[in-house]
Structure formats: C-alpha cells, structure tokens
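**Q** Got chain B; can you put chain U on it based on the hints?
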Amino acid sequence: MAALARRLGLFDATMLMMGGIVGSGIFKNPYVVARQVRTPALILGSWVLGGLIALAGAFIYAELAALRPEVGGQYAYLRDAFHPAAAFVYGWGLLLVTQSGGMAAVSVTFARYVLELTGFRAGETAVAVGTLGALTAINCLGVRAGATVQSALMVLKIGAVLGLVAAGWLLVRPESGGPHPLLDRPPSFGLLSAIGAALVPVLFAYGGWQTASFVAAELRRPERDLPRGLLLGVSGVILLYLAVNAVCVRALGPEGLAATTTPASAVMRRALGGRGASLIAAGIAISTLGFLSQGILTAPRVYYAMAEDRVFLRVVGLLHPRTLVPVVAIALQGLAAAVIAASGRGASSARRARRSSSSAAGRARRAPSAPPVIP
Amino acid sequence: MTTLFFVAACLLVVINTVYTYPANTVIGLVILLAGVPVYFLWRRREA
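These protein sequence lines map, in sequence, to chains B and U.
Mapped onto the working numbering, the consecutive letters of the first sequence carry residue numbers 1 to 375.
Mapped onto the working numbering, the consecutive letters of the second sequence carry residue numbers 1001 to 1047.
Chain U with its partners taken away, still in its complex shape:
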C-alpha cells in the first residue's frame, strides 16, 4: 500500500518531467541507453 502510493507519486513526477521537458527527456534517455552496450562490452572484456 505504502509502495503503491509512493510509486504513483513517482509516476506523477516522471510524466510531468516528460511532458514539461520533452527535449531534455530524449537527451537524458539517449545518454542512459548508451550505457547498456557499454555494460555488455565491459562484461565481455572482463570475462
């Protein structure tokens, strides 16, 4: 119950941010997603 209440509040913030700053949202997402291939490349190198 506590968790649902908190998650709903976080969703409100996320939706508002996407709506208010669409360009920044896209830039931020691209930077974050760029980390995914880096992670897998690193794993392979270390293995």
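One chain only, chain B, in its complex shape:
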C-alpha cells in the first residue's frame, strides 16, 4: 500500500508556518490596533504582548507536534485528546466554512489586485477559479512541488515586507508630534479594556500556525523539524510584525496611523510616491497567492486523515501511485473553494468585509468592536 512521501525539511516547515500566519493583513492591520490604543508605546506593546502569547502557543503546539507527528496534525491532537467526533467536527468546519470560504474570498481579492496591476481584461471570478485550479494542479504533482511554490511565495512575501520596512525607514522623515506620552490615559480599567480590544486583532493576526502541522507525515523528521519550524516561524513573524508596525508608527505617527485604512500604501506613498502604492498592491497580490498555496497544500491532509480514519468518503484517502499525494483530497479542496468563489459568495463576502471595515472606520472611535482582520 502506498504511503505519503517524507520529502520536506526544516526550511519547508518554517516557511509553511510563516505562510499560515502572515497573509496580506500585514499591510493593513496596523491601523486597526492604532485605533484602540493611541501611543507608540501602547501600539508596539500590544504587538509585543500578542507575540509573547503566540510564542506561548507555539511552545504548546511544538510539544503536541513532537508527541503526535501524524498526518492531520491538529486533527489528530483533537481526536486523541478528546474524541474522534470533536476531530471530525474540526475537519467538517474546515472544509465547509473556514478553509474553503477563506480561500474563496482570498482568491477573489488576488484576482482583483492582479487585474488592477496588469490592466488585463478578464472576469474576477474566472481569474480566481483559474488560480485555484493551477495551484490544485501543482500540488497534485507532489508535496515537493507544492512546498517549493509555497516557500518561494513566502520568501517573496518576506522580501516585500522588508522592502516596506527599508523604504519607510530610510526615505520617510519621522512624523514628530513632539514627545509622546507612554500611556494615552491614566492606568485604569478603561486602559485595560482598550489594551484588550487592541489585543484581539493582534491575536487574529498571529493565528494560523496550526495548519503547518497537517503535513507532519510528509516531513522527513517531523518530531524534530515541526517544533523547530514552529518556534522559528513564530519568532520570524514577531520580528516582521514589530518591524512593520514600528515603521508605520514612525512614518505616520500614531494619529496618522489611526486615520488611514491602508497604512502600508500610505507609508510607501510618502517614500516613493504613486509607484510605492503599486508596489504594495504587488505585495498584496503575492501575499494572497501565498495564502492560497499554503491552504491548498495543508488542509487536504486533514480530509485525507479523516478518510484514513473511515469517517469520510473513502475515495478522499486515495494517494496517487507516483506522486504519493492525496490527489482527491487536494482536488476536493480546490473545488470547494472554487465553487464558493464562483457562486459569488466569496466575492460578496469580501465586499461585505470591506464595507463593514469602512463603516467600522466611522464608529471605531468609540466602538470596542474591531474591524475584521485579514490573516
């Protein structure tokens, strides 16, 4: 009987980990936090605190990964720690809602940015579905092919973020509104609840590392490389997030950061003019494509594990005899995302998300609710 092929190493694990956490949200989210707390110390402090929480989670998942280096990762942890039904419900939600819906919405965002950048005339849905199809095909060629594409996109994403940081640091004069106080109000319950409200989007931004655990059975040494990749990946993400936020606060000032909804574009516009803004659009296109390639690589391993456990269609457990990847599970994920994207639900939910984030902009001054955060 065929088995999954162990072809990935520490670098792949680390890039998968970072790819699961960092999406295009890094170019937008800084302003969400700056609307909750108003001084540089509190803004950056929220990202540090969130990073420490993410690191705590990474240590916990590192132990779990070392204990259960099995296909499905988090699915296997839930199955063995609680009940097979709990694990099933996790996979069920992943396929029906979170993973497929997320990929559908992101594929439409990717299509929109690509069409805008290239000036190409084509339907958003056609580009979105075509992209999902291409990534599905690449991942059917083998786990090496899928991981190489994912890692390459993650490296490009890191490059885009570092470019933003370098341009913002070197080419933009710091926004100096005089010395800033440490806190935006005296220590009180109100301050505490503002920090709590700032922390929620921060924690969403740091979430997503669990998906890399799905491919445990395809790592050459999962019990070693998964924990290490987890800790390296989360540490890398903390550095990226702190650098981006520090540059946004320095270039725009805490008030300027809270006043925009496109902080990365605002920084790049100050650094390089209109060209800077299109560079950020390219960065967003790369990040959304990277998110899609990470999702199509990881999530199908959960459906495969479910089929192996006989709690899902047996055909989903089929491995291609030569490429040794679960081709039916991968095609199922691509299809589920494409159907949602094509049905317009993906597009309209992305629109809804945009609309609610712009209306949230209006009431953000007093409302404790944070606008939706993009991973």
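Where hints are given, some of them may not hold.
[Said to hold, decoys possible] From the structure, some residues in chain U lie toward chain B, with a derived Cβ separation under 8 Å:
| hint | residue |
| --- | --- |
| 1 | Phe1006 |
| 2 | Val1013 |
| 3 | Leu1032 |
[Stated by the list, open to error] Counterexamples of contact, computed for chain U against chain B with all Cβ distances above 10 Å:
| hint | residue |
| --- | --- |
| 4 | Ala1023 |
| 5 | Thr1025 |
| 6 | Val1036 |
Simulated from the structure, these hints should not be mistaken for lab results.
Glycine included, every Cβ here is placed at the ideal spot set by N, Cα and C.
**A** For chain U alone, coordinates are given in the frame of chain B:
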C-alpha cells in the same frame, strides 16, 4: 503556566467574537453542531 496563559488569551478572543458578532457566532455553531450527527451516522454506516 504557559498553557494557562495561552488558554486565557484564546478565551479573550472567543468571548470578544461572541460579543461582537452574535449572529455569525450562532450560524457558525449550528454548522459545526450539524457535523456531530453526520459523524455518528457515518460511523454506523462504516461499522
């Protein structure tokens, strides 16, 4: 200790989500709970 710290942070996110998006929370819970009978039906069929 690490675990307690992390679980507390996760609770903060869950409570905030329920509070901020009550309607979406209910829809999400219904979809998830619908999976429970599916699981047991499948088990019976495969047994």
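**Q** The structure should be examined with respect to each hint, and the outcome stated for every one.
**A** Okay, the hints, checked on the actual structure:
no. : hint    : in the structure
1   : Phe1006 : holds, 4 Å
2   : Val1013 : holds, 5 Å
3   : Leu1032 : holds, 5 Å
4   : Ala1023 : holds, 13 Å
5   : Thr1025 : holds, 13 Å
6   : Val1036 : violated, 6 Å
The structure fails to meet hint 6 from the earlier list, while all remaining hints are met.
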